Amino acid sequence: MLIVPCPNCGPRNAADLRYVGESRPRPDPNSASAKEWRAYLYERANPAGLLRETWYCRSGCRRYFTLERDTVTNEFTNPPTPVAKLGKRP
Amino acid sequence: MTRLPPQPGEVIDRSRPVDFTWNGRAMSGFAGDTIASALTAGGVRVVSRSMKYRRPRGYMSNDYWDPNGLVQVGDDPNVRSAHRLIEPDMAVEAQNVWPSLEHDLRAVTGLASRFLTAGFYYKTFMRPMWLWPTYEKVLSTFSPGGRIDLDTPHRYHDKRYTHPDVVVAGGGPAGMAAALAVAETGAMVLLVEHGHRLGGHLLWGDDHDRTLAAELAAAVEAAGVEVLVDSTVTGRYEDNWTAIVQRNHPVAVERLIKARAKVLIAAPGLIERPYVFDGNDKPGVMLSGAVRRFVNMHAVRPGSTAVVFTANSDGDAAAADLERAGVEVTVVDARRGEGIVRALGGSTSVKGVELADGRMLDCDLLVTAAGWTAPTSLLNMSGDRPVYDDAAARFFPSVPIGNVLATGGLAGDGNPDELIEHARATGRLAAARARAVSHRLQAATARAQPVEGEAPGWPPDIRPALPRDPHPALFRSTTHGVVDFSEDVSSKDMVGAAAEGYDSVELLKRYTTATMGPSQGKLETVNTVAVLAEARGQTIAEVGTTVWRPPYAPVTMGALGGRLFEPVRVSSVHPWHEANGATFMLAGQWIRPDHYGDPAGEVRNTRQNVGIMDVTPLGKLDLRGPDVPKLLSHLYTNKWMKLAVGSVRYGIMCAEDGVILDDGVTGRLGEQHYMMTTTSSGAATVWEWAENWLQTEHPDWRVHVTPVTSGYTSINVAGPKSRSLMRRLAGDVDLDPDAFRYMQVRTATVAGIPDCFMWRIGFTGELSFELHVPAGHGLAVWEGLLEAGEDLGIRPFGVEAQRIMRLEKGHFIVGQDTDGLTKAPAVGLRHLIKLDKDDFAGKPELAWALEDTSAPVLVAIQPTHHGRVVPDEAAQIVRPGTDEIIGRITSSRMSPSLHRSVCLGQVLPEVSDPGTELTVVMLDGRRITARVMEHHAHFDPDGMRVRG
Amino acid sequence: MLTSTRTECGSVAELPAFESPVSRSFVSSEGASTEPRRSGAALTLHDVSATTKIIVRAGPETAAHHQLHASFGTSRTEEGVLVVGQRPDEWIILGPADPSRALVDRLDRSGHVSVIDHTHSRALFRLTGAEAASVLEKLCSLDWNDHMTPDGAAVSASVAKVTCDIVRDDLDGTRSYLISCDRSYGQYLFDAILDARHEFGVGPAGGPVG
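Protein chains in written order, with numbering that gives the first Met the number 0: chain A, 0 to 89; chain B, 0 to 947; chain C, 0 to 209.
Isolated chain A (complex conformation) (with noise of 0.2 Å):
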């Protein structure tokens, strides 16, 4: 089972969170066309390399947060990210 490194628990078994999926910014919903809320909704990058993504510590922080994974050889790459710290719609 994958370890990930949670910013507040430290590094967990994947089963203590949820995986959010990849991180992406949400659309103005009062401007956004029906295409950018769908794609925002279901289109997915998927690539073999490196992805940011989120995940939730459900058993632990209970924190949202977002780290970069090499989706090839599950190593992190940068340290987790609180998602707060992002700012909003980046």
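Rather than coming from a laboratory, the hints here were simulated on the basis of the structure. From a predicted model like this one, the values you see are computed outputs, not experimental measurements. Any given hint could be a false lead.
A short, non-exhaustive set of chain A residues, derived as facing chain B with CB atoms under 7 Å [stated by the list, open to error]: (1) MET0; (2) LEU1; (3) ILE2; (4) GLY9; (5) PRO10; (6) ALA31; (7) TRP36; (8) ALA38; (9) TYR63; (10) LEU66.
Capping the alpha-carbon separation at 20 Å, the derived lysine to any residue pairs in SDA-like fashion look like this [claimed, not checked]: (11) LYS257/B - ASN379/B; (12) LYS629/B - PRO698/B; (13) LYS34/A - LEU820/B; (14) LYS257/B - ASP194/C.
Now the in silico label distances, taken between C-beta atoms and shown as ranges [to be verified]: (15) ARG51/A - PRO15/C: 53 to 59 Å; (16) PRO59/C - VAL644/B: 56 to 62 Å; (17) ASP731/B - ASP145/C: 51 to 57 Å; (18) GLY382/B - HIS146/C: 27 to 33 Å; (19) PRO59/C - VAL252/B: 23 to 29 Å; (20) HIS153/B - PRO15/C: 21 to 27 Å; (21) GLU327/B - MET0/A: 53 to 59 Å.
Note that CB positions come from ideal geometry on N, CA and C, so glycine has one too.
Starting from the structure of chain A, add chains B and C where the hints point.
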């Protein structure tokens, strides 16, 4: 009898005879005997039939991997009989033989055998399709498995997690030496041995070997190493998540250990490889290791006249062991260019052998020592791709892996001192790397002991490489023989398959099923590759090998299941429900009273008098802070900025795709204090959903969300007499209809319990008070209500009565009347979608959904001419006279209040107008007519009762 | 009539007996005692669900945050009350009702600070004994060795598939863990822990398995 006089290395206890049965026949052995050694000592030669051709088979490798040694022990199928020790009264039987092991009528003659060649599954049994049921029956008789007993009692399987610094897989000399070196550094090490005792191949060696084994085992014990024998490292997964099946646990039948090893050392030793030649599967053809284990460990003489075909020192040692045991031995030495061509004799035993020089020798035991397979499984699972070494005639690891280290036979050869020094160096390296991992873990973990100083660097691998002994490349003789004994696949099948075009190793494997049977490649992988290489005219290195995946050895379902963790939740009132005849239902993890014997009666009583229901599972989130209204406005589709203290409002929540996620009421208890309720199943989801918005999009909002679902026992008090009842128990609250109105909330002391709150809402459609009582006193209040309401006709009601009443009232249930595509406008609550809010979850989709005129809508439906017929839930609604589906029934019950059936259903908008006639197809095919109703509520559409 | 839902830290002393989530008949000899009893057995499991449990949530910008003075993952004792840094910016106060309430009353409540009495929301068990970590190893995937989870450590994790808050709170040098879960799972978790410790040869009340 072929039991030898006492041998110096024997592991049997002759003072403890053990009686057991073989196919019903009384047998005897000694404590320490495997089933295989006891049977062989008792003169048994044939123990199984081959899978396809039903050929008689005897022990060949005499170890866990022996493909011919699978037996049934009592209700336990597929037992590895050369590994399992005998126990008193054990009932051992041959598997899948008919009518008997000696006379299997399915034995295939030469004529029929051509239908069973490579790919026979695909060729012989494909057409015509309508014959498949017959084909399946035929094919299933080829299943090599034992008998499953569905009445097997449940046995205790256990599970354990552990975090050792180092796990060592393999308790031979290398594994022991490595574990010892780890322990000497003070690190925690778990040493796992597949067999019943530490020692590995030293156990069937000479005096010197056994002395070394005993010394190492004693040192391991003295060093405090945790040793698991009769246990197997079955898999290595991401980040060294290591699965170990422990079979020697004192309490559990088996225990699955999930070890997070900082470093894993693979030291499984080598597996002896069979030689491919005509007749190589006849009983009496054995590997050198098999013979040595029989003679030296179990004092069993496996034959009386032997020919030993040897290419290495183990074969030489086997010949010497046999001679010492009084067997007449002829040696055929591959290193001198001698060879064997075919085994001779009948089907039940080898009778002789034809040599390459044309000689014919009589024998009842033909031993081969043709070389080794390196079981690189754990390295494969870690990302290694082993590479073939021509000179040593076996595969070696090629990719260095930081936290998985190989030693022993996997890494090379050498004299015992060299091997042990390599293992010790491996242990020291593993311990040093584990220290570095440990330092990082501690430094990154808030709760851990603080660590001093800089993180240690990653210790480099400076172990000197082990030498590799040259070995003749011996795979197949000039004749064809069996390659995969489990699957009955011959080298001839493989050459044929390669000629048909299945000439890549992975394709060949799948087409012929070679390496896919119970032995999973342990004995046959390298021969498979070698035969294919020969057929393609290439080298083994060019052909490459297949990838070994978990498990290393078969794992029982019991071990995987372990102790079953199936959490269940109950409310504080649960003991009362149990004592008062409730019939329970499982709702998610909640155990809830479905009814107390008469759901229709419960409905009638609630509508006439007063009923109480335990609704504790209702999700409850305590919300505090100045920005709660902003959060509510964002989660719900309607408006929340002006909810007054003391008021309650209903709302629906949608996901970002506009689909209904949950619904419920939220009340404002104080200036900055709200209580949100969710559906019972939605509580956790809504909590995470709220946290998601607070943490990611709106970290500036000051809101604390705390789940308090089971902190309150929630009791719905419903019915026309509910106010009278509440007046008796909540005297400090003004319950006058004008003082405490519908959709309001009050804090209260109820039945002497302070800190309760209650609100007036009406899922059942009756005047009702939903009480929320601190859970430690929930049972007392429940009992207090029943006592105080006795003269009012109070009765409890369960989930079924509630479901009936809400359906009579046309209230939908998220997930029952809505599905994964139902957006908010479809349920008749368009007025609750407030697009003039700046933002809320799912807003764009809901804006578009409000314009959508094609999506199904939820309507109330009543059967017309058949008022007593209750349509099945999920029954389809079709266009009259056709099979075109235009809707479905989502909820359906007989209404005790209206004496007719009532439904909710989703239909296309074109047939959603009140009065529209619908055709409902019942599960039995009958079609009935139903009508769309004007209101969702079948009962009291004006809501007079609930507001009373 | 309506001001706020609850007095934040109401004492349960004068009310009808607090009902533990663990059925009474099952632990009749132990009841819902708030104090762990001394026992001669190597391993004991006590239902201490009646212990007062108060959640305090306070961000780093608040005075209360600094007054609580137990960082995430650690705990400390103040006048017989355990102050546990259970989650970032979130503490749980465990102890007898009066001193727990007094401790919370001393907090500076200015700013965005929430105090929530969780006494009724959580079941709480105390598992004590040299083998206590071995029992947890059968239920939970965390590392219970001293260097990763020393005395005083606080952590949240899945125990027998139920999310629990766990504090290591040794008693006179003997390993001891306070394990709390949602009240509704209380009976299930109590049974699961009992089942896990079966192999160590002791029963519910700390005596030999009957």
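- Message: I'd like to know which numbered hints this structure contradicts. Please list them from smallest to largest.
- Response: 8, 10, 16, 19, 20
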